[in-house]
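K.L.:
Model the full structure from these sequences, guided by the hints.
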Amino acid sequence: MSRYGVSAQSSSDHGPPIPGLIGSSPAMEEVYRLTRRVAGSNASVLILGETGTGKELIANAVHRLSDRQSGPFVKVNCGALSESLLESELFGHVRGSFTGAVNNRTGRFEAAHTGTIFLDEINSTSLLLQVKLLRVLQEREFERVGDTQTVTVDTRVIAASNRELASEVENGRFREDLYWRLNVVPIFLPPLRQRREDIPYLVQYFLRYYSEANHRFVVKIDKLALEAMQDYHWPGNVRELQNYVERSVIMADGDELTLDLLPEAISGRKGNSSFATSLTGSIDLDSLVRELVARGIAGDENDDPNQLHSRVVDRVEKELIAQVLQLCNHVQIKAAHRLGINRNTLHKKLKDYGLDEGEGEESSS
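First residue of the sequence shown: 834, per our numbering; consecutive thereafter.
Some hints could be false.
What the hints assert, rightly or not - Below, in silico cross-link-like pairs of lysine-lysine (DSS-like), each with a Cα-Cα straight-line distance of 25 angstroms or less:
1) Lys-1182 to Lys-1151
2) Lys-1184 to Lys-1167
3) Lys-1167 to Lys-1182
4) Lys-1182 to Lys-965
5) Lys-1184 to Lys-965
Stated by the list, open to error - Pair ranges (Cβ atoms, derived):
6) Asp-1147 to Ala-876: 25 to 35 angstroms
7) Ser-1000 to Leu-961: 15 to 25 angstroms
8) Ala-876 to Gly-1087: 44 to 54 angstroms
9) Ala-944 to Thr-981: 42 to 52 angstroms
Hints were generated in silico from the structure; no laboratory data involved.
All C-beta atoms, glycine included, are put in the ideal place defined by N, C-alpha and C.
P.N.:
Below you can see the structure in the form of C-alpha cells.
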C-alpha cells in the first residue's frame, strides 16, 4: 500500500469510512461509494486518474472489501518493464524458453490465483500483449512463455491508467475489445486540485506519519503555509504533497510547518523563473481551459470537461518533458530522475508526444 494511505478517516454518508483513504470531499465520496459497490462483485475495474492520485490505494481497497480479501493482492507496473519481460512477469516461463531463463518461473497471474491482480499503467502495454490479456479476462487461461500447457486461474483483474483509454483506443494504441472488458466499472480519481478541501487532512496525516518515521515532532502547520498549499495547483497530486510534507518535517527547526519550508512554486518566494518551474507553479487549470477553448485551441465548450482538462494537462506535460530533456542534454535517465518517473515511463511519453528520444552523452554533464 502507498505510504499516504496507511491510516485515514472519511465522513461518508454512504457507509462506514474506508480504512486507508483520506478525504471527505464530494468527489472522494463518490469514489468511496463506487469502491464499496464494486468490491462485492467479481467484475473487472478500471481506475482512471492522473499520476499521484492514489490509484493503487483504491485497487487495494476494492480487494480488501471483497470476498477475495483472504487471497493475494499482486501488483504489476506495466510501464516499468519491456514487452518481453512483462509477458514473462505476467504469465511466467519455463526453463530454456529464452536466454536467461535458467529455471521455471510462476507468473503474477498464477501468483494472484483466488485473489486480485492490479495492472498499473495498463496503457503502456503493447497491442500484442493486450491480445493475451484479453484471453485471460475472457477465458481465465493462458500458457507460460515457452510452454504448451494451459494454465487456468481464478484471478480478479483491476487495471489503472493515467491516460484516457478511450482516446488511446481512438488513436489505435489500445484494443477496443480489451478496453470494454476492463471498463466494466470505471472509477475516476479526481486530481488534488479538484478536492482542495481535503488538503488540510492530508497534511495533518503526513505530518504525523513523517514525524514518527523520522523521530521528529512537527505537528502544526502555519496558516500562511496551509493557504499557499491550498492555492497551489499540485501537478503531482497527493504524491507531490506527500513529498513536500516529508521534506518539511525533516528540515523544520521547530514543531510547525512554515511557509519558508515549502518550495518556491508553492510559497511564491522569488526564485528561478525558468519555463519548467513556471509550468509546475500555481496554474489555474479551469481558467486556462476556458481561455484555450475561447481561442479554439482545446476544443469547444460542448466538449466533456474531463477531456478538456486532459488535453491541457497533456499539452503542459509535453512542454515540461521537452524542457527537462533539454536541461539534461537529452540523457533520459537524468531526465526521468528530475521528472520523478521511471525511464520506461519517460520513453513511453516521448513516443506518445513525438518528442526526440535521442540520448545525450553521459559525460556532457
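K.L.:
Looking back at the numbered hints, which does the structure fail to meet, lowest number first?
P.N.:
As far as the earlier hints go, only 9 is violated by this structure.
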